[in-house]
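Residue numbers (the numbering used here), protein chains in the order written: chain A, 1 to 354; chain B, 1 to 519; chain C, 1 to 307.
Hint data in this document are derived by calculation from the structure and do not stem from the laboratory. Just so we're clear, the structure is a prediction, and the values are computed from it rather than from any experiment. Just so you know, not all the hints are guaranteed correct.
[What the hints assert, rightly or not] The list that follows gives simulated cross-link-like pairs (lysine-lysine, BS3-like), each with its CA atoms no further than 25 Å apart:
(1) Lys456(B) / Lys344(A)
(2) Lys82(B) / Lys182(B)
(3) Lys164(B) / Lys122(B)
(4) Lys208(B) / Lys234(B)
(5) Lys203(B) / Lys234(B)
(6) Lys169(A) / Lys258(C)
(7) Lys258(C) / Lys344(A)
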Amino acid sequence: MLEWRRRREPSTLMLWLSPLIAIGLTMLLGMIVFTAMGYNGFHAVESIFVTPFLEPQRWPDLGVKAAPLVMIALGLAIGFRANVWNIGAEGQYIMGAIAGTGVALVTHEMTGWWILPAMALAGVLGGMAWAAVPAFLRVRLQVSEILTSLMLTYVAVQALYYLVRGPWKDPDGFNFPQTRMFGADQTLPAMMEGSLVHLGIPAALLIALVAWLLMEKTTAGYAVKVVGLAPAAARHGGFSADRVTWATLLASGGLAGLAGLFEAAGPFGQLTPQFPTGYGFTAIIVAFLGRLNPLGIVFGGIVLAATYVGGEIAQTTVRLPQAATGMFQALLLFVLLATDVLVKYRISWRVRVA
Amino acid sequence: MTQPPDQTVCPRLALSHISKSFPGVKANEDISLSVRPGEIHALLGENGAGKSTLVKIIYGVQQADEGTIAWEGETVSIPSPKAARRLGIGMVFQHFSLFDAMTVIENIALGIDEAVDRDVLKARVAAILDSYSLPLDPEREVHTLSVGERQRIEIVRCLLQEPKLLIMDEPTSVLTPQEVDKLFGTLRQIASQGCAILYISHKLQEIKALCEAATILRAGRVVATCDPRVESTKRMAELMIGAELRQVEHTASTGAGEVRLAVSGLTLAGEPPFGTDLEGISFEARAGEILGIAGVAGNGQSELLTALSGERPATDPGAIALDGRQIGTMGAGPRRALGLACVPEERNGHAAVPDFSLADNAILTARHRLPLTPLGLISTGDVNRFADSVIKRFDVRTTGGAALARSLSGGNLQKFIMGREIGQTPGVLVVCQPTWGVDAGAAAAIRQELVDLAAKGSAVVVISQDLDELLELADRLCVINEGRFSAPRAVASLGIDEIGLMMGGVHGAASPPGAPAHA
Amino acid sequence: MTTAILVSILMTLVAASTPILLAALGELVTEKAGVLNLGVEGMMLCGAVAGFAVAFSTGSTMLGLIAAMAAGVATAMVFAVLTLSLTANQVATGLALTIFGIGASSLIGAGFVGRTITRLGPVFPAALSEHPWLRAVFGHDIVVYLSLALVLGVSLFLRRTRPGLILRAVGENDASAHAIGYPVIAIRYGAIAFGGALAGLGGAYFSLALTPMWADGLTAGRGWIALALVVFAAWKPGRLLLGAYLFGAVMTLELQAKAAGVTWLAPELLAMTPYLATIAVLTMMSLGRKTGRQHAPACLGKNFSAS
């Protein structure tokens, strides 16, 4: 007989162990599902989850994919802590890239060290502006930020399409729907010869550390946590939920915007209709896998980056469609949410005596 | 007319050797009691004595670990409230199981088990309301009703099932003395028709007035059974509490000092959807005194507390003055920094964050007056030292400052919260229901701390529904009713009847009996 | 001539509204029981792909519709087990369901891209369904009539029946409902399943009726619009019908503008309109809302555990 008992205090051990359990269970579940679908389940899961870590030549790629995920997830996690559900990070990511690209296009015949910082600033502001709409609507009119931030993602995607097919189309680009390529001073310098490894990686790590200090050691982080856990108590203690809502949405929008700019000025080097890759949604999984803790998110980002890299490997090794990656990632989130029960409950086998 | 209960009749309900435990607590241990038809039987005990668990077992909400239940002489198992109702057991909960956004008749329909045609149900409800002369409008939404009217819904729900046993869980804790009289009349009428009533309370006067038998519980066990009509109140109180009653020591009153808190014409709209508006509240609290604010639940007590604490600032700076300084428009933080501390009624989620450690909870309100967060950085060492000092000084039973607030019992958490505020030596302390759900020992300790704080020159304002507590603590007393204040009176000059009348509506004419309450 | 245009616009409007109406109606019942399921988009996609796959393999559109509902219920049950039995956060689980739906439908649908099936046809004989103007009433497929019947049914169920009363009670105050003895968790399982079935059906309407083919993410955020509609409708089925048809009108306008070759407004900007309209509607709702959040079931989104 399986017996459930609510723990008096959540288990700290399980809090950190459960993501690992979830990864294990997801691998098992993935093997079963992929086998059932007629693929080589074992090799599929091996390609997705193991190979990226074992082959050093794939590590740079891992970092390149983890950096935006971590950056976006950090912002989202801070918001989630405050019960601010920004699920439109994808839109803010696109808007950041659009704003930064705007600067790049204006400056495309100029040179100078200041161009990249200006693009980064524009990226942050673009993301913030896109997040400011749900923030304003929630604080002033109690409109759910879940729906507004998501709706704005669809708007951002259309705005991107409009720009690359219309006003920003590369005049020398044979009518392809894309902007001109960024110049040398508008592109993130490669940090390793011949690879795509760029500044975004150390930036993501640095931001994670700052976010951790902010959440654990300052009254600002305290305000975020208390507003999320007990809004009435927050008000009693003199914290403003409105200010926290604004701050967390602007922070997550800004980080998503910065990630978008890094992606545009790094691996892409221009804007194309293929730019939205769903990082803004995958980052939600990263945030939960990292237990909404900034340092945990670095781990979560690497794991999810591996599924992207591994998903590509699996496409060649076992002919797994690209869509399998998305399903595998969602499966991971499901299992993770399910294993949360281990944190809240003590579960044991007990032989029932009649 | 009440028939003298026939001793030879088989008991309606007989419990034998009931035990029930939860992780860490033995809620009920070896409890036996029996109730005869037509008898009003008191179940008497302190908060936490195990009364609620026992009635939940009778009503099928929980299952006993051991022991048997006999219903009209036959052993039964009661696996669910539905099964209990099928036997003929009705229950009126302390916390009503009502649905605020639904109408009275919908609420009644939800409380009965079989589907009844709406019109038939209405007719039956009207008949019951009529025969017990209970005023209640079936089409009103519940959130517009007074607490007494809400309780009537629960009673009507039970009466519709023609119960053979009616359980009343602390029914008077939220009623005015006049409403209590009305309720007692109804209960006597129900009992006279042969229904047994199990009446749960810790109020001795009531039990003396209403019940003909009493079972007294302490710490989950039966400590005595008696006839409350002949047993002395003092003896029952001692049995219930298990120790000689401890009186609060008043240090010789220093007399009225200077005004520390002055409220004048404070008017504030209640919070939607169902909040009470505060209207023109004026009072003063002086150094060295305890001002009591009595009132029935839901008359603006929590609104007053949040208005004073700064959680909901006023529009007029002069509405509240602290030591002569106008603070009406300030937020909670600045008010605390100036020395106005408040403790709201709800511990979990308002005064404290259940999922935070005690140390983190210390930061919540102490950071304004103590150097715990220099430059916005949390100084962990200072925070832990402060939390430990509160735990030690106020005898909080816990594993330490790292324990989560949710892991503490209500009384211990309340001691920590009171300690957190008193430890900052505020100039003015406003507390709402300081001993709600707290065991007797902790309640006495908390009251003593309040008296001591006032003796040191602070002004203390106690908002409470517990008249006994206010009469014990306060120097002056006023009443809040529908968001308005009565003039404060010296406690020594007040009789309990007078307070009861004030609580029931001193402002203007009360609604004539039988008429639906204010629209 | 103008009649023909008006009738054709009306037909487009009804068709565009129906999937949103279905999904929103299911979500309304779910929310009335106190559960916020943000996975509508995911359930719709799973329904869309399952419906198409079965209709393609069996050649029966009816079987496709049934399969779509079954797929909706199956995915909804994943949500239900996680949130009700394992007390997971409803917002997070709903998001997970949507992400899952996008991935799973894309994976399953990969084999069906480019295939076509026979479109779900009108119910009534050609004399009525192809009549120049009578077809405005008789020219629709079965799902349209079913959706209208469901609006009426749900409305009566919630207002007039005892199970409806109990469902509302569970959403209004789960603790009280439990204290009286109603099986809160079981009722919520039922409500979530109903929501899943209708979301699945709504999704299948895309792949079987609107565009009889499969494409990745073909519901294009309609599940989210359905969620917003429930708020717009203040949790009332009648207003939901109005809202869904209003949205249908916005989308029809977009399609008509595109078809008419409007050049002064880029097609991308036109494509933004449903989403911007959703934000505008949500904003207007709260501007005009003096009565506050009273419409929302009081326990919406909160977890319940019996002990």
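With the threshold set at 25 Å, check whether the alpha-carbon distance from Lys203(B) to Lys234(B) stays at or below it. This hinted pair holds, its Cα atoms lying about 12 Å apart.
Lys456(B) paired with Lys344(A) [C-alpha distance capped at 25 Å]: violated (45 Å)
Do the alpha carbons of Lys169(A) and Lys258(C) lie within 25 Å of each other, as the hint requires? holds (22 Å)
Straight-line alpha-carbon gap Lys164(B) to Lys122(B), limit 25 Å: holds (22 Å)
Taken at face value, is the distance from the CA of Lys344(A) to the CA of Lys258(C) at most 25 Å? violated (53 Å)
Between Lys208(B) and Lys234(B), is the straight-line Cα distance small enough, at 25 Å or below? The given pair, whose Cα atoms are some 12 Å apart, holds under the 25 Å limit.
Would the hint linking Lys82(B) and Lys182(B) be met if the CA-CA limit is 25 Å? violated (29 Å)
The structure shown violates the earlier hints numbered 1, 2, 7.
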